[in-house]
Each structure stands twice: as C-alpha cells, then as structure tokens.
Amino acid sequence: MPPKSEAVLRYEVIDRCLTNIYKRYPSMEDLQYKCERELKRSYTAHTIQRDISAMKFDEKLGYMAPIKFSKQNNGYYYDDPNYTIRTFGINDKEIEAIELAAGVLQHFKGIKVNDTYNHAVDKLFSALDIKKSSKEESLEHAIQPEESMYMRGMEHFETLINSIKKRIPVSFIHYSYERKFFKTIIAHPYLLKESNKRWYLVGYSEEHQEIRYFGLDRIYDPILIDKAFVLNEKTDLRNLFNNKIGINKIRAAKKNNRSLTEDEIDSEKLEDIRIWVSKEMANYIKSMPLHSSQVIREKEEGDLVIDLKLVPTTELVSLILSYGQNMCVMRPVWLKIQIINELQHLFEQYKQGLF
Amino acid sequence: MSYSIYLNNINKVYFNMKKVKDLREMNGYIISNPEIGNSNENVQLLRIIVTKVETKIDFGYQATDFYDDGGWIKINPLTFIRPSGTNKKFILTNAYNIPYGPEVLQMNSTIGWRYFSLTFHPIAEGIDLIDLIEEEFGDKNDFNFFRIKLNEKSKIYKIY
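So the protein lines, in turn, are chains A and B.
According to our numbering, the first sequence is numbered sequentially starting from 1.
According to our numbering, the second sequence is numbered sequentially starting from 356.
Derived by calculation from the structure, the hints in this document are not laboratory data.
Cβ atoms here follow ideal geometry from the backbone N, Cα and C, with glycine treated the same way.
There's no promise every hint is true.
Said to hold, decoys possible - Some chain A residues close to chain B (C-beta under 8 angstroms, calculated; not the full set):
hint : residue
1    : Lys40
2    : Tyr175
3    : Lys180
4    : Ile186
5    : Ile223
6    : Phe229
To be verified - Okay, derived cross-link-like pairs now, BS3-like style, lysine-lysine, Cα gap no bigger than 25 angstroms in a straight line:
hint : chain 1 : residue 1 : chain 2 : residue 2
7    : A       : Lys180    : B       : Lys495
8    : A       : Lys249    : A       : Lys166
9    : A       : Lys165    : A       : Lys234
10   : A       : Lys227    : A       : Lys197
11   : A       : Lys166    : B       : Lys429
12   : A       : Lys193    : A       : Lys244
13   : A       : Lys227    : B       : Lys508
14   : A       : Lys244    : A       : Lys309
15   : B       : Lys495    : B       : Lys407
16   : A       : Lys183    : B       : Lys429
17   : A       : Lys183    : B       : Lys508
18   : B       : Lys495    : A       : Lys166
19   : B       : Lys429    : B       : Lys513
20   : B       : Lys510    : A       : Lys227
21   : A       : Lys183    : B       : Lys495
22   : A       : Lys60     : A       : Lys23
23   : A       : Lys336    : A       : Lys286
24   : A       : Lys234    : A       : Lys286
25   : B       : Lys513    : A       : Lys183
26   : B       : Lys495    : A       : Lys227
27   : B       : Lys504    : B       : Lys407
28   : B       : Lys513    : A       : Lys165
29   : A       : Lys244    : A       : Lys336
30   : A       : Lys165    : A       : Lys193
31   : A       : Lys56     : A       : Lys34
32   : A       : Lys60     : A       : Lys71
33   : B       : Lys429    : A       : Lys180
34   : B       : Lys504    : A       : Lys183
35   : A       : Lys227    : B       : Lys504
36   : B       : Lys510    : A       : Lys180
37   : B       : Lys510    : A       : Lys183
As the list claims (entries may be wrong) - Here are a few chain A residues that sit away from chain B, every Cβ distance over 12 angstroms (derived from the structure):
hint : residue
38   : Gln32
39   : Arg37
40   : Leu39
Model the full structure from these sequences, guided by the hints.
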C-alpha cells in the first residue's frame, strides 16, 4: 500500500474530530491544533479550510463529506451523524466488489466460525451501508449461495483452527453414528474439510495410527494438549480429496458381502466407474462434470457414457441416486449391485406402505 | 446429605446450558480413556480432567433396546468420587448434559446417546486410584466405577 499523502492524514484527523462524540462541534482552532499535534507540523487555518473544502466538494477525492458549520456552537459537524471517511480508501467499483464478496461472507454469518467473525462481518456491512446510503440499489442480494445451516460442532472451529495453526495436538471425545460408540481421541489436526455442508477434521489419530476424518458434529469437548505434534510427511494433503466425491468411503465389507481385512476396508483404492446418462440429463453433465476425471462418450441417440476414476464414496452413491432414472452405473459390478439393493429396499418400503 | 443441600445441588444445574470453565486456565492434565476395574453396560467413562479447581469426568451413554423408547438417564446429586479403599469423599459439584435425579432425561429412541460430564471437588495430589459412586451397594443400572487408574503415564497428557 503506498504511503498516505500529508493531506489525507489531515483529512483523517479532521474526520476523527468530527466523529468524536465526546467533543462535538470542533472549531477551526480545534482542528488546526489537532492536526498540528498529531502530525507534528504547523498548519495555517487556511490549509485546514482548504482541507474541509476538498473533503466536501472534491469529486476526485470522492468523500463528498456533509460538513456543516454551526453558528450556534461555533464549530463544524457532519450533517449525517453516521458519516465518516474512514471507509473510503476504495472507490465505487471496489465497494461494489466488496459488497458482492461481503454477501458471500454474510452467508456464513450464522455459523459460529469464531467469536470475532460475526462481529467483523457486521462491521463490514455497517461500513458499506454508510456508503450505500447514497446509492439507489443494494447488491446485498445479488448473490444468493445455498443456505448453510448451523451444524453442531461448529463451536469447535476456532479451537481446531488454533490446533492446526499452532501445531498442538488435541484430545476430544468422538461418537460414531455408525458404530454407536464413543471414543477418546488424541489427534494431530492438519486441516478442516467441508463436504456436503458438513465439516470434518482431518488429522493423524493416535488411536488409529493413521490419518482419519472426524465429523465436527460428532466431536465433543476438544482440549489442546501439551505434546509433540506428529507432522504429516507421507500424505499429500492438497490432493487428499481430489480422487473422491465427498469424504466417506464405502465400507468395503459391503462391496461383496464377504469379510475383509482391515487393510482392505481402509484402502483408498481408485476404481474405474462407468455410468450411463440419459439424453435428458446429458447437457447438465457435460456443462458440470461429476468429477474432474470425467471422460464423456456421446452416443448417437444423445445419451452419454461417462468414465470416472475415483475412490467410491457414499456421497457418490447419493449423487448417482439423486439423478433417478437418468443415471445408471454400468461398472464396477459391486457398485451396480449396491445401488440395485438400495433401490430394492426403498421400493419395498414404499410397497409395504410402512410410512 | 440434607434435603436442603440436595435442593441446592439441583439449583446448581443449568442443564445442557452451562459452559464448562476454560480448562486451559487451570493448568491441569487429562487422563484419556483411563483403565477401570469394572465395566458398565451402557455408560463409558471416557476421560478425566484433573485441575486445581475441579476434577471433571466425561462419559458417553448409549441407549439400548432394553426399553422400547431407549429408557432414560439421570444422575444422583449425591454422587461422589473417593480414593479407592478409603472413605474420603470428593462431592459432585456440577452435572453437564445430564439432569440430577429425580428429574430424568428421556432417550426417545433405542439409538439415542448422550455425552455428559460430572465435576467434583478437586482431588488431592498423589491419588492413584479412585472410585466413582452414584449409589453405594447399587445395581448394574447405577453409574458406579471402581479402581479408576489415574497414574497410567501413557494415558496422561498435560493441558496446553
């Protein structure tokens, strides 16, 4: 950032005087004295008068400050009590860009990321509102991302980020929805990952002696502990999720209904997956691929065959099922059978009129 | 314990609401998954946090299909911990996420679970084994744990 000119520094001093609620209506002498004291230089009343004029009328400067003089109080004041120049290091286009970005920030405001986050977003919005008061339209609703709901465990976000940043291991209680069992975990956290609107802590688990993912909603009472941090040296964390849609591996035991070794269950094996896509859905899949590995073969009738190379996950199964009759797995056979079984169970439930 | 103290204990509970004190300021240590002389069918004793201010014990409760609706849980306000083999009592000071009896927390379903914590007066230094007693001479439904090991070095971690 280039250094501020002396004039800008004076504008800021004048602005602080005009927004000082403890000493309203500063006189010319007050402004002159404050500038001299803060900037350690002497200024004439004429200079301060010129500054006030520039703040009021200089379009290039862009403040258009509503500065008025009160005869009754023999001092200056802002006609708009909310006005300040402190938000204006940026021009209109930049304000618009920030407004758009702030809209996205606002989207996350309900989620308790940390104690200062909501406050910072509020501050940014109120600062923008000051500028926006002179505008006709607001861009606040120009971006509407999908709504993020509060997820249990988000209150641990700050503690876990601290643990990652400072490389401090953490002790917490974890509840497994699948196994219906609590475990005391000592983890060495590496990152927080969002998948399908859920947040996961990714780190080395002493209990499991490998990198594991822990849903924040299943974490209780994380406490930072004084212990040497186990650095990750083996796994490429930046590409850890590149080979997956989502995060939750399909339990290998389900793959072919046989007992498997722990190694097999935990393997991150890449699979060649072939999927048929109906012509009705073809354009959607072409414009937004299911995964970066997607290779498309278009058939004469307009339907598609797509090939993916990834680690199968429960999120992939959900995604395929979400397309209903417009998407069918062609291979691997175990995945095809799994989806058929899923659909058969669903069909039975509807057929029996249980719900 | 007198009835007035019992009521006083009940009043202390801000069930599921009260924030646990900031443990980092307490210069304590944790015992992760301590070894216990007995087991309890539905309740897991998961972690003990020992500080100069209090002794906090974390539990996990998993409902079973013994009851159609998963049953209920509560904690006796007279629950205490004691060094194993002694009569010295460290009394319960607070319960988090579990109500004091006679109030109960209904599980609603057989897959319900609950993470809860109990805090006690701080235990003295040099105690290696403790018992946690909800009911003296109680049955399997009571949260009684005996000979909880506090000195297993591999399970002890200083709080940062």
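Looking back at the hints listed earlier, which ones does the structure fail to meet?
1, 6, 8, 10, 11, 15, 18, 19, 22, 24, 26, 32
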